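Here is how the chains run, residue by residue.
Protein chains: 2
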Amino acid sequence: MASSADGRDSSDAVEPGRMKFSSGYCRTCRLEVESTTISVVHVVGTSLKADLNRSAPPSSKFFSVKCTAGVQYRINPPPQETTDLSHIPLNGNSVLLISMGSASQHENDNKLSVQYYGENKEVLGKAVLHLTAVEISLDVDADRDGVVEKNNTNKGSWKWGPNGHGAILLVNCDSERTYWKKPDSEQNHISKVSDLKDMSLMVLRTRGPPKLPEGYKLTMHISQGHAESVRVFRSKGKTTNAVSERVYDYFVRDYPLVLSAKFLSREVPYLGGEAEMNFYVEGLRFSDKDFDGLISINLSLLEPISPGLPETPIFTDTAVFRVAPWIMTPNTLEPEEVFVCSTKDNYQFLKGMKNLVARSGYKLKICHEYVNRGDRWMQDELEFGYIDSPHHIFPVVLDSPRDGKMQDFPYHELLGPDFGYVTRVAHRRDVSSLDSFGNLEVSPPVTVNGKNYPLGRIIIGVAFPTATKGRNMTQVVQDFLWAQKVQEPVALFSDWLLVGHVDEFMTFVPAADRKGFRLLLASPDAGYKLFRGLKNNGHGQAKLFEGLKDEKPKTVDELLSDTSLEAENNYVQSCIDWNRDVLKRELGLDDEDIIDLPILFKLVVEKQDRTQFRAVAYYPDMVNMIVLGKNLGIPKPFGPKVNGRCALEAEMCSLMEGLGLNCTFIDDFAAYHKLLGEVHCGSNVRRKPFDFKWWNLEM
Amino acid sequence: MASSADGRDSSDAVEPGRMKFSSGYCRTCRLEVESTTISVVHVVGTSLKADLNRSAPPSSKFFSVKCTAGVQYRINPPPQETTDLSHIPLNGNSVLLISMGSASQHENDNKLSVQYYGENKEVLGKAVLHLTAVEISLDVDADRDGVVEKNNTNKGSWKWGPNGHGAILLVNCDSERTYWKKPDSEQNHISKVSDLKDMSLMVLRTRGPPKLPEGYKLTMHISQGHAESVRVFRSKGKTTNAVSERVYDYFVRDYPLVLSAKFLSREVPYLGGEAEMNFYVEGLRFSDKDFDGLISINLSLLEPISPGLPETPIFTDTAVFRVAPWIMTPNTLEPEEVFVCSTKDNYQFLKGMKNLVARSGYKLKICHEYVNRGDRWMQDELEFGYIDSPHHIFPVVLDSPRDGKMQDFPYHELLGPDFGYVTRVAHRRDVSSLDSFGNLEVSPPVTVNGKNYPLGRIIIGVAFPTATKGRNMTQVVQDFLWAQKVQEPVALFSDWLLVGHVDEFMTFVPAADRKGFRLLLASPDAGYKLFRGLKNNGHGQAKLFEGLKDEKPKTVDELLSDTSLEAENNYVQSCIDWNRDVLKRELGLDDEDIIDLPILFKLVVEKQDRTQFRAVAYYPDMVNMIVLGKNLGIPKPFGPKVNGRCALEAEMCSLMEGLGLNCTFIDDFAAYHKLLGEVHCGSNVRRKPFDFKWWNLEM
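Chains as they are written, first to last, in my numbering: chain A, 1 to 699; chain B, 1 to 699.
Possibly wrong hints are sitting among the right ones.
Heads up, the list lumps identical chains together, so a pair's fine if it works in one copy or across two of them.
[Unchecked claim] Below, a list of computed lysine to aspartate or glutamate pairs in the EDC-like style, where the Cα atoms sit at most 20 Å apart:
(1) K529 with E119
(2) K641 with E651
(3) K126 with E566
(4) K469 with E267
(5) K535 with E34
(6) K197 with D145
(7) K688 with E334
(8) K529 with E34
(9) K262 with D430
(10) K289 with D479
These aren't lab readings, by the way, just hints derived from the structure by calculation.
Owing to the predicted nature of the structure, the values given are computational and were not obtained by experimental measurement.
When you get a sec, could you build the whole thing from the sequences and use the hints?
Okay, here's the thing in structure tokens:
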């Protein structure tokens with residue numbers, strides 16, 4: 001049912017000296033000779049087509065047409081220039097095309113008549129059409145400038161890109177109420193007038209007589225397929241001629257529900273004269289596997305027939321919206337708030353983080369023990385993102401199906417006014433460690449073989465597709481991520497890790513040169529190279545893990561003589577190399593865009609399947625860092641000391657210094673590292689959104 | 001995860017005199033100095049990349065490279081032309097790109113070594129890489145000529161159009177077995193070897209040493225998302241070098257199942273030397289709302305690590321298929337078989353149909369009473385279509401969720417070898433009269449505002465979208481039809497009819513001129529015009545329904561004096577006009593492409609909702625005809641006789657004669673018309689498929 005409503009009339013030859021038809025909707029209308037007069041409502045911008053033969057009395061041979069000043073008509077096929085217009089020969093396929101250029105002041109204020117004549121030009125009958133013209137336009141912000149323009153020719157379709165068009169809808173997933181809260185999209189009324197700013201304004205503009213002729217009415221309607229995705233409210237308040245001004249009334253009762261899953265179609269009042277009526281459109285769900293994000297809202301003018309018969313729509317105007325995608329924010333964007341948990345045992349870590357965040361000048365939000373119930377993995381329970389439109393933007397937290405002890409935090413603590421919430425529900429049995437959002441990251445903007453990803457690409461970790469058994473990110477979350485479209489995901493192999501998160505072997509840091517960032521990768525090869533260099537330079541007796549309670553120090557010599565550990569790290573390197581190749585290909589990176597960090601792993605046997613080995617960090621995994629602008633919070637590695645300085649810290653600082661980044665090493669050994677996580681796993685950052693607007697993407 | 005695997009190497013400068021790398025997959029590989037030699041399997045067409053610094057012993061300053069004849073390498077950044085190649089300075093980011101041009105005869109038959117030197121060119125160590133090259137290609141008929149070509153560069157993607165590419169898969173919805181039958185797609189084994197012709201051939205071509213090195217293996221795999229849509233079988237039979245020849249073995253046990261919903265990944269044997277292994281790919285479901293019809297099948301080479309660790313895929317080849325859509329056949333295609341029911345009371349109709357079909361030279365198939373159990377509406381229970389691929393084509397019946405007493409006919413009588421079956425299951429409460437397939441038609445090929453529909457457009461009838469209550473075609477069937485994509489549906493308004501089928505007011509007939517067809521529309525206006533003409537010519541006393549048992553004849557004068565009937569027909573005309581406007585717009589028709597047939601309707605009150613009126617034909621509805629080439633089987637209208645000839649028949653003949661079509665009037669009055677159906681409702685036609693191939697559509 002797509003295809004432009006071109007009506008084909010525009011391609012017809014135009015009769016000279018009469019009228020040019022707009023390429024609008026063309027409707028067949030009836031003429032009748034024997035009946036009393038027929039009244040017709042005409043929508044400006046469309047045309048009426050009357051078959052002259054249908055209404056011609058038997059043995060009619062000629063006809064003539066008369067009309068009032070507001071009416072224009074054209075005869076098709078056009079009469080010869082020499083034809084006597086008072087007796088035009090009736091052709092087997094003569095039709096009359098009728099239109100009006102402006103709205104009527106009063107009902108039936110225009111008319112057109114056709115008189116039929118016989119062989120000898122005797123009058124056989126006359127058909128009279130009384131005409132009432134109205135202007136109707138269902139308007140949205142199709143040019144995406146925050147203003148609802150009048151009758152944009154592109155409002156009925158949606159196109160990506162800076163030269164694109166089509167209105168934008170937010171999922172109303174925040175909660176105006178701060179107590180008894182739930183996402184506004186889950187209730188079918190407006191709880192506070194402030195909720196209107198999360199919705200897209202839609203304006204019904206009409207012009208015509210004070211009342212529509214008896215029985216005519218306006219109906220707004222959506223299809224069954226869109227019913228679960230959208231809701232429309234109406235403003236009962238005063239009408240205004242201001243094009244863009246949003247005038248809110250004070251009472252929610254002034255904004256009745258018009259359309260919803262229960263009401264796919266509803267009459268809306270015709271106000272008469274020149275009028276505007278404001279509607280507020282609310283998105284209810286994000287794009288997903290079974291929803292492409294596009295929603296049409298229709299406004300029809302219905303013509304009455306007679307009681308018991310359905311009214312006929314004689315004109316339909318359609319506005320198309322796309323639901324804004326959920327967008328993730330890479331490490332290269334400026335932080336706004338840093339989140340960590342406070343637990344009984346993480347004082348040391350918390351102190352380090354407080355200092356770092358304070359020094360960097362950002363806000364630190366602490367999730368206290370009565371909320372986190374001992375669950376410290378702030379990275380894993382949620383992912384911060386945002387939704388954006390020309391009229392409004394706000395952060396949205398994606399709640400992981402992980403649902404650890406901290407599970408209530410996103411809903412209870414984050415959801416609120418202008419802070420949205422979305423989740424995907426999975427069966428408990430389908431959820432694995434790979435569903436924690438340490439396994440969900442996003443790259444900075446990249447260009448890959450000429451294709452731009454100005455919002456970067458989402459990165460997730462999965463099992464090898466070739467694996468007959470293996471853990472995976474649950475399908476409902478993957479479907480959601482893929483359906484957002486604007487940060488096309490890349491799947492890496494992370495199942496080789498015991499915990500299985502991509503943040504255990506990779507991160508991105510900002511850089512002034514090259515592509516604006518570097519990819520940091522954990523590298524056992526770089527680790528061995530560093531330790532061999534230490535040994536060669538006479539530091540074979542320097543000790544790892546020195547000064548740590550409950551931890552046996554290990555010399556560099558001991559480390560290097562462990563051939564089993566070396567074999568395990570060769571395996572880990574091959575897993576990371578596999579991911580390195582994928583990242584280079586999918587993000588368009590060169591080797592020079594990648595920095596290898598000296599990090600060793602070891603393999604441990606799986607508890608569940610004791611024939612399966614998986615990797616954990618051997619010492620604190622420095623790649624698992626928090627990136628706050630130019631300041632990096634890095635797990636303190638407790639490496640061997642050379643001249644009183646940790647050789648691993650020194651190497652790390654030297655690698656990062658070249659990029660103008662400052663390293664702060666945070667002791668997470670007892671409270672995080674020993675529990676198989678590090679600084680990144682234990683923190684989260686809400687960042688500023690991109691300047692780039694997602695609808696300007698070329699898809 | 002799309003994006004070409006361009007590897008970026010192709011854009012690097014090529015070192016003169018050495019080698020040019022193909023733009024294939026590039027894999028990081030390890031060099032090690034201190035270990036024993038490393039063996040690597042290399043896939044021809046890809047390249048290996050070794051970081052020279054990673055393996056360099058501490059304080060290495062120079063290196064040199066040696067290799068056997070089969071190996072090519074390139075150093076990056078390239079050494080100066082003046083460099084002494086036996087002592088190349090080791091750069092901070094030196095990498096070695098390695099490839100082989102052809103498959104190995106034996107395991108480890110090639111090698112490459114890198115020697116490292118210190119400041120004074122003293123040897124510090126040597127890394128040796130033993131190489132085994134294999135050629136691997138998972139091949140399909142990506143150029144759609146019926147032959148599986150070797151390693152088509154486009155096999156991993158799918159593009160519409162005559163210049164497009166990508167292989168095609170049939171849903172294996174026929175049944176090789178003729179008793180105990182069910183669609184072959186519903187069983188996970190091959191019941192007869194003849195079933196292979198319904199599947200797409202896929203060939204795994206390999207070349208290399210007699211065996212893969214210890215622990216390496218080939219794995220074929222699909223993603224979870226495609227698991228419900230495809231199954232792969234393998235031929236255990238003899239291998240062949242013939243490129244396209246299909247050699248079938250005689251026993252189904254020679255075709256074991258490889259991949260299915262239960263087995264997403266499975267090892268496949270490596271045969272050694274130069275070998276081909278045949279696979280047979282079977283589609284299991286048609287495109288639908290949640291399935292875009294695309295399926296990827298992957299073949300990976302896995303590298304062993306050590307027991308307990310998953311093998312790493314070091315090369316993956318992918319073939320993409322699109323499931324062939326279900327395609328409907330318009331009236332302009334040549335019939336193959338005509339289907340009607342035999343009932344206790346339809347002897348008269350059956351005789352007429354038999355004569356017509358015999359005269360037209362087609363086969364008549366009669367569905368007998370023990371199957372139809374009195375249900376005579378052959379049009380409504382099913383729709384004939386077909387599926388097409390370069391290797392095979394067969395008819396497929398779409399079984400309506402209507403499920404009248406004839407419900408077993410499509411499955412029990414039609415499903416069979418090379419006769420497929422598909423249905424969509426709907427809740428009983430969601431099924432209405434609009435789900436009968438008299439409400440599902442298809443136009444001949446059309447062009448609309450420059451857009452070609454060479455397979456025509458599907459036409460269905462629905463309620464007005466503005467209606468707050470109304471019947472509709474059930475969503476699952478609509479979703480299925482829209483998802484087929486190649487005959488983009490047009491929705492008409494048919495809910496104004498009591499039975500509610502589009503075939504009650506429209507049909508298409510072939511024509512030699514203009515667009516190759518005419519749209520015939522029922523037209524009360526044309527009916528009234530004809531009757532008024534009769535009256536004016538002195539035939540006001542001529543009688544409708546004359547000679548019919550149990551039917552009171554009615555004179556033309558009586559008919560014309562019934563003002564209530566006239567008002568009802570004005571309403572009907574407005575409903576048909578609404579559809580006429582939509583059809584003109586969506587099929588790109590001119591008024592000259594449409595012929596109005598003189599047919600009157602009357603309104604009757606709905607049984608369920610006694611405030612609701614809907615239309616039925618007043619006399620046999622001539623537009624509800626069967627079209628068999630140039631012969632039309634038309635409901636005998638029993639109109640008023642003029643000079644012994646029915647005026648309605650005469651008008652019909654005169655309108656059709658101009659198109660070179662012959663009218664045969666079939667008496668369906670008692671057995672069909674009185675039960676609210678006509679000739680078309682009571683028959684069905686299986687037609688020849690289009691010559692046009694659906695994959696040549698430009699989408």
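Hint-by-hint comparison with the structure:
1. In this assembly of identical chains, the alpha carbons of K529 and E119 lie at most 20 Å apart only when taken from different copies (18 Å versus 108 Å within one copy).
2. For the homomeric pair K641 and E651, the shortest alpha-carbon distance inside one copy (12 Å) is at most 20 Å, but the shortest distance between copies (106 Å) is not.
3. Proximity of K126 to E566 under the C-alpha cut-off of 20 Å is restricted to the inter-copy arrangement: shortest distance 19 Å between copies versus 102 Å within a copy.
4. Taking the closest pair of Cα atoms, K469 and E267 come within 20 Å of each other only across two copies (13 Å); inside a single copy the shortest separation is 56 Å, beyond that limit.
5. For the homomeric pair K535 and E34, the shortest alpha-carbon distance between copies (15 Å) is at most 20 Å, but the shortest distance inside one copy (111 Å) is not.
6. Proximity of K197 to D145 under the C-alpha cut-off of 20 Å is restricted to the intra-copy arrangement: shortest distance 15 Å within a copy versus 57 Å between copies.
7. Taking the shortest alpha-carbon separations for K688 and E334, only the intra-copy value of 6 Å comes in at or below 20 Å, while the best inter-copy value is 64 Å.
8. With identical chains, the CA atoms of K529 and E34 are at most 20 Å apart between copies only, with a shortest distance of 12 Å across copies and 102 Å within one.
9. In this assembly of identical chains, the alpha carbons of K262 and D430 lie at most 20 Å apart only when taken from different copies (16 Å versus 33 Å within one copy).
10. Proximity of K289 and D479 under a CA criterion of 20 Å is satisfied in both settings, with 6 Å inside one chain copy and 14 Å between copies.
In summary, the structure agrees with every hint in the numbered list given earlier.
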